[in-house]
Amino acid sequence: MNGDERALRQIWVEHAPHIDAVVKRLCGGDPDMAADIAQEVWIQIFRALPGYRGDSQFGTWAHRIAVNRTLNALRRVRRLAKIETDIEEDTAFVEMDSDRTFLAESIEQAMGHLSPGARAVFVLHDIEGFTHEEIGAELGITSGGSKSQLSKARAKLRRLLAPLVNESAAGMGRSHVAPI
Amino acid sequence: MNQQPVWEGVMSHLSEEGLNVLADRERNRSEVPITSWESISAQLREEGIIRDGVAPLRSGNTWWLRAAAAVLLIAGGAVAGRATVPRNSQVPSQQTAALEPPVSADATDASATTVAFNSEDEAWEVLNRAGADYQRASAFLAAKDQNAPADSTSVYQARLVALDAMTSASRKALYNAPHDPVINQYYLAAQGAREATLKQLSTSLPSGTKLMKW
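These protein sequence lines map, in sequence, to chains A and B.
Its first residue numbered 1, the first sequence is counted upward by one per residue in the working numbering.
Its first residue numbered 1, the second sequence is counted upward by one per residue in the working numbering.
Think of the hints as simulated: they come from the structure by calculation, not from any bench.
Do not take every clue at face value.
Which residues of chain A face chain B? A partial, calculated answer using Cβ under 7 Å [what the hints assert, rightly or not]: (1) Gly-3; (2) Arg-9; (3) Gly-29; (4) Asp-36.
We put the CB at the ideal spot given by N, CA and C, even for glycine.
Looking at chain A on its own, in the form it has when it is part of the complex (with noise of 0.2 Å):
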């Protein structure tokens, strides 16, 4: 597999989706940032392709590699510098007027509206099947912080999506809804 372009397009054809949808998450709403870290990813996954052992899935091990290189990359513009000192102050929370007022239309967008520590907190946990644990590790803060910024996560969304409550009693048939 070692240089060649066929094997290597592979694997990012199978996996891309996947993948980037991942760093995607993460990012929130910033579609260039997130092509550029996603990119990133891609490189370091093939950088690091000599050294996979088949110890786990493949999808696993590359996933495992697009999160820890997705939260370095937000890292380095300190969108998750202060983390820890957000979930203790709990100024993740405070919202501004028009985020009141704004309503979702889906859980993507309403992941948008989170901060980059509470978002990361709930995407690992509820999408990605992070453990508090492991989150703590990634994020460097206790897994008691973790559940917290969890649950605050939560709690915004479940209001930011209150648009999709009649979709819940139907069985949530749709991800978006029909205008109030």
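Chain A is already provided as a structure; the job is to place chain B on it using the hints.
Here is chain B on its own, set in the frame of chain A:
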């Protein structure tokens, strides 16, 4: 115009369960990649991870290698498939049927005569699909293998030893033909079978014991 009535009208919240449903759906959502292979490959080329000197194999100069690898893939698949079934167990008829080559008139004709392909791409597509089908079928049979004998642990261990040998051999082959997709498939198939067997082995161990390393 006036946002307040809207806000007051939606004071209710999405339920916890509703949010869980959305999170599950988000987990499984697949969308168009935000990266492009052109951009990634350009950087990989700069870093020397993609080597332009490594051209794809042409069918003219190494047809024998590709043909041999394809035969190896099919023969190896048959052997590995049979190895999945414990030797001293009664095999359900549907599993037997799944392991045997097809016996329909069409299939017999196809194996006895030349299968026509319109292009190399079409042939590779068929080969890739066959490889993927083989992997899925192996995983299915391994998962359905409820008739393991009392000494199934030793059967799985023996199979792992064999698969490790296959992996090692195909890895060495990749040094000689790193760009050959058939050998790459063979390597990946062995890795996939190894993972499936590891799962089988871990479930066959006596209660209270755990597979720590292989």
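(message) Under the constraints set out in the numbered hints, which ones does this structure not fulfil?
(response) 3, 4
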